[in-house]
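So the protein sequences, as listed, match chains Y and C. Quick note: the first sequence uses the numbering used here, first residue 1, plus one each step. Quick note: the second sequence uses the numbering used here, first residue 1001, plus one each step.
Treat each hint with caution, since some may be false.
[Stated by the list, open to error] Pairs of lysine to aspartate or glutamate, DMTMM-like flavour, derived with a Cα cap of 25 Å:
no.	chain 1	residue 1	chain 2	residue 2
1	Y	Lys-167	Y	Asp-315
2	Y	Lys-123	C	Asp-1045
3	C	Lys-1098	Y	Asp-120
4	C	Lys-1044	Y	Glu-290
5	Y	Lys-346	Y	Asp-170
6	C	Lys-1098	Y	Asp-110
7	Y	Lys-122	C	Asp-1045
8	Y	Lys-167	C	Glu-1130
9	Y	Lys-355	Y	Asp-187
10	C	Lys-1044	Y	Glu-293
11	Y	Lys-167	Y	Asp-110
12	C	Lys-1098	Y	Asp-148
13	Y	Lys-167	Y	Glu-136
14	C	Lys-1044	Y	Asp-120
15	C	Lys-1044	Y	Glu-300
Calculated directly from the structure, the hints in this document are not laboratory data.
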Amino acid sequence: MQSLLLAATALFLLNFNALGTATGSRRFSQDLTYAWFGNQAWLYPRNGAVAGATPKAVVVMIDEPALALRGARWPVPLAFHAEFLAELAVLRPRAIMLDFLLIDPAPAADTCAFLSVASDLKKGGTPLYLAVTRLEDLGVLDQAGCRDAAGNALLADQVLTPVAVRKQVDGADFVNRLYPFEALSADARPGAGLPSAAIRMYCDAQHSPDACIARLTQSVIADGGFELAWSPQGDPFNQRWSHVACNEISSPSRAILNQPVLPRESPCPPLPTLFASAILDPTADATLGEQNEQLFGLVEGAYVFVGGNFRGSGDLMITPMHTLLPGIYYHAAALENLLAFDGRPKVRKEFRDSKLGFYIYDLVVLWLLAAIFQWRQRRVDDGQPGAEGPFHLSPSARARLEQLAARIPTPLWVLAVVVVLVLLAAYKFLQLIAVAVAAAVVVVIEFRIASSIEMKARLRAVGLYFLALGLSLGVIALAIWIGYRWLMLPPGDWIGYLSFAAFGFFVAHTAILEFERRVDELRRSRRVTGETR
Amino acid sequence: MRTLPGITLLGLLAAASAHAAEPPATGTDACLMLNNRVLGPRTKDRPLPLMVRDAAQAFHYACSASWSTLSPNNAPLPVLECFRGTLLQVANGSACGKDSRPLWVSSRWVLTSADLQQPVTRVAVCQQLETGAWAGTRDFSVECAERAAAKPAPLAAPKTSTSASPVPETTPH
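Pulled out of the complex, with its shape left as it was, chain Y reads as follows (with noise of 0.2 Å):
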């Protein structure tokens, strides 16, 4: 029953979040295990079972370059709009996401041109998504009047399909992480919202769309979302263009030596992006093929998100690698997400219906862990009755430490070591030597002073704190293992798994002896006054 409090205590204080504190470590967990195994398809099959069977998708960016090739500026005309949408139509592609917001007036003419050009998509069986805002904003495509061959009207909601391009950001890091499902207004209920861009597209390929999109926005809460994972690999694609490797990936190694976990750009993105400059120039980019074979071979049969990349626009996202990328590769990779987990992407717990649940496992989670550390301390134990943990020093060593304290005033001690702790804090490089020296001085102490009985014990309780501690390692990779393939939840707290059984047993366990202690205390005192009377 111990370990049950021990379990229900340590649950609560990794999900204690009354200023934000706790979502941290959630957080950096889950962004470090795509950071480093991000790229394998076991964590995210981006790919799918079968290479090439899945479609894929794929950015096109408009840039100033490309404008230019057409005699066009900043910000882009609907004109240019009509005509690259055309040119796209060539490469024949799944679906095309256009990343503007199409809500400034524009000569009739071109607003006509540009629903001719989606209504033409739409019976060449490639449907075109437009961003959103709101339902409202294709009312300004509806004022030019349009008529089409036949003389009947073209309606902006006939030919193309409007989604919610809202970015969901996670309230702990402002990182975009997070894909909301719909765009809903205050005090409506879950589904009854625009969907957004990814979810219409994927539920759009499926036998019942409207199923696909009740399955995904009305099993989560409202304002709920999916954790996007990703790929720290660019995509080889793009190394046509980027000037540094595509293929280097952090390295767990470097969390070992206190540097930088996460990368800190994507010079090259995990999706395949081509430059709009690039598809109306056949000098800017000569691979493509002299019948451009390279880019049919890209774009056909892909999903195509259109978006800007100009100096200045504002429209970036803040990728779960920590590093800046523009805003279309947002939704894409959310598609990619969604085509990866076949429907089913990861939602944090907080986000689900039917919530308690996972709580309850995490529980249970927690529960072998303090078990384990219960079998870890029953056998320190029996080795050695009142054996202390593995963080304390022999007897003999304490004793021998204590003595050199002594001779030292205690002002001067506490000052050097109030100077040590400082230059610690300030100064990174020295951390590590900090702990290695300090493990170093330890271990030469113990071998030094300590008899070999204590020696013995002590080996005895570091050998059996780290078996427990790989046991509990493997019971933690195989949780979440379990809670991210079955129970399709992100990455779980790892960092939090593993600094309860590190650290934080201890710690919790000693309070709750302490609290025993003075519970058992007060009963017997109550007793003895009890007997007096």
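On the provided structure of chain Y, position chain C as indicated by the hints.
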């Protein structure tokens, strides 16, 4: 021992070879080559997107038409004009129906005789993503009418200002 005529001849040959070794023509120059013609599509037989140019020299989408509509006899079409080496004006103004303005097609989708004469060169692709977060406002190309400048007031007495011409409303973004 080389003679003077031999040295002169060598010099002339060197000059000629230096002239012949000039870098190939750029996109625009190649487009404007004499007798440049559109030979056929590079679209996997899909319709070619065609554009027209308005009086303000801006391009607009006109229609998409097959190569057989653009060139019914499957004959090479002369390139009449080029825009930045990427848009080619072809000798066909009727492929899009009633609009008889000259039609333009992107050089991405057609093969020209200039392409055949150009050596295939692998050019460096100079692109990058704009991810800088700038603390400044991007300029909009908003047309506005300048107010008429007030005439300088005489030293003797102040003069009332003339009414300014109304500034057209801009669409809020």
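Taking the hints in turn, this is what the structure says about them:
Between Y/Lys-167 and Y/Asp-315 the alpha-carbon distance is near 10 Å, which keeps this suggested pair within the 25 Å criterion. Our distance criterion of 25 Å between C-alpha atoms is met by Y/Lys-123 and C/Asp-1045, whose separation comes to about 17 Å. Distance check on the hinted pair: C/Lys-1098 and Y/Asp-120 sit about 19 Å apart at the alpha-carbon level, within 25 Å; holds. For the proposed pair C/Lys-1044 and Y/Glu-290, the alpha carbon gap of about 12 Å is at most 25 Å, so the pair holds.
With a CA separation close to 15 Å, the supplied pair Y/Lys-346 and Y/Asp-170 stays within the 25 Å bound. For the proposed pair C/Lys-1098 and Y/Asp-110, the alpha carbon gap of about 17 Å is at most 25 Å, so the pair holds. Simply put, Y/Lys-122 and C/Asp-1045 have alpha-carbon atoms about 19 Å apart, close enough for the 25 Å limit, and the pair holds. The hinted pair formed by Y/Lys-167 and C/Glu-1130 meets the criterion: a straight-line CA distance of about 19 Å does not exceed 25 Å.
For the proposed pair Y/Lys-355 and Y/Asp-187, the alpha carbon gap of about 21 Å is at most 25 Å, so the pair holds. Restraint check for C/Lys-1044 and Y/Glu-293: the C-alpha separation of about 9 Å stays at or below 25 Å, so the hint holds. Distance check on the hinted pair: Y/Lys-167 and Y/Asp-110 sit about 29 Å apart at the alpha-carbon level, beyond 25 Å; violated. With a C-alpha separation of about 15 Å, the suggested pairing of C/Lys-1098 with Y/Asp-148 holds against the 25 Å cut-off.
Straight-line distance between C-alpha atoms of Y/Lys-167 and Y/Glu-136 comes to about 19 Å, which keeps the hinted pair within the 25 Å bound. For a cut-off of 25 Å, the pair hint linking C/Lys-1044 to Y/Asp-120 stands: about 18 Å separates their Cα positions. A hinted pair counts as satisfied when its Cα atoms are at most 25 Å apart, and C/Lys-1044 with Y/Glu-300 qualifies at roughly 11 Å.
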